[in-house]
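There are 2 protein chains.
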Amino acid sequence: MKSDTSFDPYRAVRDLRTLAERTGGPDGSRRLCWTPEWVEARALLREELSTLAVEVEQDEAGNIWAYLRGQSDELVVVGSHLDSVPAGGWLDGALGVIGGLEVLRSLAAAPQRPQRSFALVDWADEEGARFSRSLFGSAAVVGTLDIAILRELKDRFGNSLPEVVAEHGVHIDALDGCRTRLANVVAYLELHIEQGPVLEHQGLGIGVVTGTVGIERERLTFTGQAAHAGTMPMSMRRDSLRAMSRFALELAEIGKTHSGVTTVGTVSCKPGVVTAVPGETVCTMDMRHIDAKALAAMFAEATATAHSAAAAEGCSVAFEHIFRIPPMIFDKNLVDSVRRAVKAVEGHEFELPSGALHDASEMARVVPTAMVFTNSIAGLSHTKEEDTTDEHLVMGLTAFHQAVLEAVNPG
Amino acid sequence: MKSDTSFDPYRAVRDLRTLAERTGGPDGSRRLCWTPEWVEARALLREELSTLAVEVEQDEAGNIWAYLRGQSDELVVVGSHLDSVPAGGWLDGALGVIGGLEVLRSLAAAPQRPQRSFALVDWADEEGARFSRSLFGSAAVVGTLDIAILRELKDRFGNSLPEVVAEHGVHIDALDGCRTRLANVVAYLELHIEQGPVLEHQGLGIGVVTGTVGIERERLTFTGQAAHAGTMPMSMRRDSLRAMSRFALELAEIGKTHSGVTTVGTVSCKPGVVTAVPGETVCTMDMRHIDAKALAAMFAEATATAHSAAAAEGCSVAFEHIFRIPPMIFDKNLVDSVRRAVKAVEGHEFELPSGALHDASEMARVVPTAMVFTNSIAGLSHTKEEDTTDEHLVMGLTAFHQAVLEAVNPG
Numbered sequence: 007m008k009s010d011t012s013f014d015p016y017r018a019v020r021d022l023r024t025l026a027e028r029t030g031g032p033d034g035s036r037r038l039c040w041t042p043e044w045v046e047a048r049a050l051l052r053e054e055l056s057t058l059a060v061e062v063e064q065d066e067a068g069n070i071w072a073y074l075r076g077q078s079d080e081l082v083v084v085g086s087h088l089d090s091v092p093a094g095g096w097l098d099g100a101l102g103v104i105g106g107l108e109v110l111r112s113l114a115a116a117p118q119r120p121q122r123s124f125a126l127v128d129w130a131d132e133e134g135a136r137f138s139r140s141l142f143g144s145a146a147v148v149g150t151l152d153i154a155i156l157r158e159l160k161d162r163f164g165n166s167l168p169e170v171v172a173e174h175g176v177h178i179d180a181l182d183g184c185r186t187r188l189a190n191v192v193a194y195l196e197l198h199i200e201q202g203p204v205l206e207h208q209g210l211g212i213g214v215v216t217g218t219v220g221i222e223r224e225r226l227t228f229t230g231q232a233a234h235a236g237t238m239p240m241s242m243r244r245d246s247l248r249a250m251s252r253f254a255l256e257l258a259e260i261g262k263t264h265s266g267v268t269t270v271g272t273v274s275c276k277p278g279v280v281t282a283v284p285g286e287t288v289c290t291m292d293m294r295h296i297d298a299k300a301l302a303a304m305f306a307e308a309t310a311t312a313h314s315a316a317a318a319e320g321c322s323v324a325f326e327h328i329f330r331i332p333p334m335i336f337d338k339n340l341v342d343s344v345r346r347a348v349k350a351v352e353g354h355e356f357e358l359p360s361g362a363l364h365d366a367s368e369m370a371r372v373v374p375t376a377m378v379f380t381n382s383i384a385g386l387s388h389t390k391e392e393d394t395t396d397e398h399l400v401m402g403l404t405a406f407h408q409a410v411l412e413a414v415n416p417g
Numbered sequence: 007m008k009s010d011t012s013f014d015p016y017r018a019v020r021d022l023r024t025l026a027e028r029t030g031g032p033d034g035s036r037r038l039c040w041t042p043e044w045v046e047a048r049a050l051l052r053e054e055l056s057t058l059a060v061e062v063e064q065d066e067a068g069n070i071w072a073y074l075r076g077q078s079d080e081l082v083v084v085g086s087h088l089d090s091v092p093a094g095g096w097l098d099g100a101l102g103v104i105g106g107l108e109v110l111r112s113l114a115a116a117p118q119r120p121q122r123s124f125a126l127v128d129w130a131d132e133e134g135a136r137f138s139r140s141l142f143g144s145a146a147v148v149g150t151l152d153i154a155i156l157r158e159l160k161d162r163f164g165n166s167l168p169e170v171v172a173e174h175g176v177h178i179d180a181l182d183g184c185r186t187r188l189a190n191v192v193a194y195l196e197l198h199i200e201q202g203p204v205l206e207h208q209g210l211g212i213g214v215v216t217g218t219v220g221i222e223r224e225r226l227t228f229t230g231q232a233a234h235a236g237t238m239p240m241s242m243r244r245d246s247l248r249a250m251s252r253f254a255l256e257l258a259e260i261g262k263t264h265s266g267v268t269t270v271g272t273v274s275c276k277p278g279v280v281t282a283v284p285g286e287t288v289c290t291m292d293m294r295h296i297d298a299k300a301l302a303a304m305f306a307e308a309t310a311t312a313h314s315a316a317a318a319e320g321c322s323v324a325f326e327h328i329f330r331i332p333p334m335i336f337d338k339n340l341v342d343s344v345r346r347a348v349k350a351v352e353g354h355e356f357e358l359p360s361g362a363l364h365d366a367s368e369m370a371r372v373v374p375t376a377m378v379f380t381n382s383i384a385g386l387s388h389t390k391e392e393d394t395t396d397e398h399l400v401m402g403l404t405a406f407h408q409a410v411l412e413a414v415n416p417g
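Note that the protein sequences, when read in sequence, are chains A and B. For what it's worth, this note's numbering labels the leading residue of the first sequence as 7, then goes sequentially. For what it's worth, this note's numbering labels the leading residue of the second sequence as 7, then goes sequentially.
It is possible that part of the hints are untrue.
It does not matter which identical chain is meant; a pair holds if it fits inside one copy or across any two.
[To be verified] Capping the alpha-carbon separation at 30 Å, the derived lysine-lysine pairs in DSSO-like fashion look like this: (1) Lys-160 with Lys-276; (2) Lys-390 with Lys-160; (3) Lys-338 with Lys-299; (4) Lys-390 with Lys-338.
I should point out that these hints are in silico values taken from the structure, not numbers from a laboratory.
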């Protein structure tokens with residue numbers, strides 16, 4: 007594919023299909039980070055970049071950067087990730103990288119250098135599907151990785167993260183070196199699929215993303231008294247599963263009341279046999295909201311509810327912290343630019359928060375950030391059924407291109 | 007221990023302690039059926055029986071019978087089981103066998119033969135803890151074992167039941183031969199610990215057992231739609247865990263309303279991760295009642311509740327049958343005899359159904375049957391903490407002895 011002077015969203019869609027064919031299988035995409043398929047996906051990207059007049063570099067965290075020098079040192083960055091979950095979809099992450107590549111092609115082929123400099127980044131290990139640490143590359147650049155924790159991470163075969171990433175030129179003691187990449191960055195823009203059903207439900211192809219939600223994750227252990235299912239009268243039971251059940255239902259109401267989301271994703275019982283009242287029931291709680299105050303209120307209510315649900319069944323409950331990230335509200339001016347682009351392409355200004363995390367969540371901590379969403383058919387993602395129509399992909403690519411152009415040529 | 011003419015419940019308690027010392031460990035009793043510890047427990051029993059003028063035989067199902075001929079061929083049987091769960095208590099099953107041994111000693115030492123013949127039986131594999139088929143020996147005698155199912159059973163190490171029991175002289179194709187043992191049986195009496203908290207809660211040492219409860223066990227699969235915990239709005243979810251939670255709470259109310267017991271003992275979710283709405287939640291249901299009509303009503307209500315709980319969350323539910331046994335109401339005359347004995351020993355006639363199954367559940371299908379319970383401290387059983395005070399054990403043994411005497415010398 008030779009680059010030409012005009013931005014061609016259809017070419018980006020064709021590139022996405024090529025990528026899917028070369029790094030997918032019957033179960034879906036398999037560009038798991040730090041594996042040969044992921045290396046192959048990046049080789050495809052490097053091949054395309056090699057035809058352009060750009061500087062390509064890999065940073066200390068394994069992120070690939072392609073720079074196009076503009077008239078000023080001010081840098082506009084676009085990007086996303088080529089890595090996927092083990093049996094993932096063809097668009098999650100790839101859309102933003104290939105969309106950014108297409109923008110880069112058009113800028114590189116333009117007769118004039120852009121006013122600002124421009125970079126495309128392919129972030130390393132956004133999914134964290136292998137070592138359970140998502141946003142690896144973007145967090146490294148922002149400086150929010152905890153090296154002591156990274157050192158202990160292993161995949162399910164027992165391979166340690168430091169050893170595996172070293173095979174890809176990444177040395178965790180040297181990660182901090184990549185933080186210089188953010189000098190001069192004035193804007194970060196990312197195109198991504200929604201991975202949820204909201205846009206489709208609205209009958210829309212694309213939307214304006216206002217930020218990424220804050221998340222609270224806890225593990226709850228309800229403790230009662232294990233007992234024989236036949237010999238312990240109902241009135242004398244201390245049934246931890248019943249306590250958990252009360253909690254799960256009330257937690258859902260908390261999510262609804264605050265217009266956030268709350269989820270109990272997994273449950274296990276001890277002794278966990280058909281003939282015993284569960285003495286211990288462990289569940290997880292995930293709650294998300296775009297507003298920090300609302301999230302804090304939800305968390306407080308959930309904590310109180312867990313205690314009252316436990317008490318109602320003669321049980322106790324203990325909490326174990328799993329994960330926490332605050333809401334990341336995107337930059338007002340950059341979101342306005344995305345809003346104008348969406349309006350121009352699809353004739354509306356529909357906006358929504360992202361319920362999933364993205365590399366943009368890390369970038370938003372330190373630089374002006376915004377995102378464009380395309381819809382996801384049936385809201386599906388992280389599965390081979392993940393899909394978006396060509397029409398809506400082209401809409402997303404076109405709006406993204408317009409917003410980037412406003413950022414690189416502001417004057 | 008030489009037998010003497012007087013029934014001595016304290017000797018029975020001493021024998022129980024000896025058994026516990028020789029076949030227990032730091033984690034509790036370990037007389038798992040078809041293992042060396044179980045063989046050792048039975049060797050102790052045979053040792054004691056060898057000092058008495060009785061005929062000892064092992065039947066085709068591995069049950070040990072000790073016969074004392076009376077003046078008539080009519081046969082009164084007492085028994086229970088020496089086998090235990092892997093880390094069990096010292097009294098579950100053993101109390102009935104050693105209590106029966108003590109009765110046998112006193113009958114054998116009496117100057118006159120009893121009016122009716124008498125047999126002590128040590129049932130094989132009551133617990134079913136190794137091959138998941140409880141009441142093995144008593145079901146064989148009654149003829150309710152399914153040989154085709156037995157042939158496929160394996161323990162957790164992959165050993166097949168037919169091969170393991172053959173090492174103990176039991177051949178599953180010849181099991182039916184043991185059914186002749188029930189010819190001439192006019193009464194079956196069993197002494198057992200309650201394994202629940204009811205008697206202790208009443209401040210009583212012993213009680214009259216009215217029968218064993220009927221049981222319905224099902225596996226329920228609630229199916230909704232797996233979804234991303236961050237991107238799927240609450241209003242669009244089909245959350246199978248929430249459906250199960252509604253069911254678990256309403257099932258408990260059904261148990262309370264009917265004065266039966268209902269239990270959800272184990273739950274699992276798919277995909278079963280903190281970040282996903284569970285698309286599938288599987289749980290077990292166990293429900294028990296002493297009255298067949300009440301049990302049927304509970305089952306019908308639970309089925310309806312499962313469907314309405316599923317529908318309330320946009321889910322469906324499917325049922326898989328696990329196990330079913332009807333209530334076994336004990337023989338009126340024999341229960342009256344036990345009632346008189348309990349009244350004589352502890353001054354009350356408190357009666358309760360057994361929420362657990364016993365070999366008596368099988369025997370009650372075909373012969374007049376009754377049971378005596380001693381209490382269980384804190385209702386605990388199937389654990390090394392299982393215990394009953396010597397005072398209450400002696401009460402139980404004494405009442406049991408009296409009821410047996412009424413049966414063997416009715417005139």
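Quick rundown of the hints versus the structure:
1. With identical chains, the CA atoms of Lys-160 and Lys-276 are at most 30 Å apart both within one copy (27 Å) and between copies (23 Å).
2. For the homomeric pair Lys-390 and Lys-160, the shortest alpha-carbon distance inside one copy (26 Å) is at most 30 Å, but the shortest distance between copies (38 Å) is not.
3. Proximity of Lys-338 to Lys-299 under the C-alpha cut-off of 30 Å is restricted to the intra-copy arrangement: shortest distance 19 Å within a copy versus 68 Å between copies.
4. For a Cα distance limit of 30 Å, the shortest separation of Lys-390 from Lys-338 qualifies neither inside one copy, at 35 Å, nor across copies, at 65 Å.
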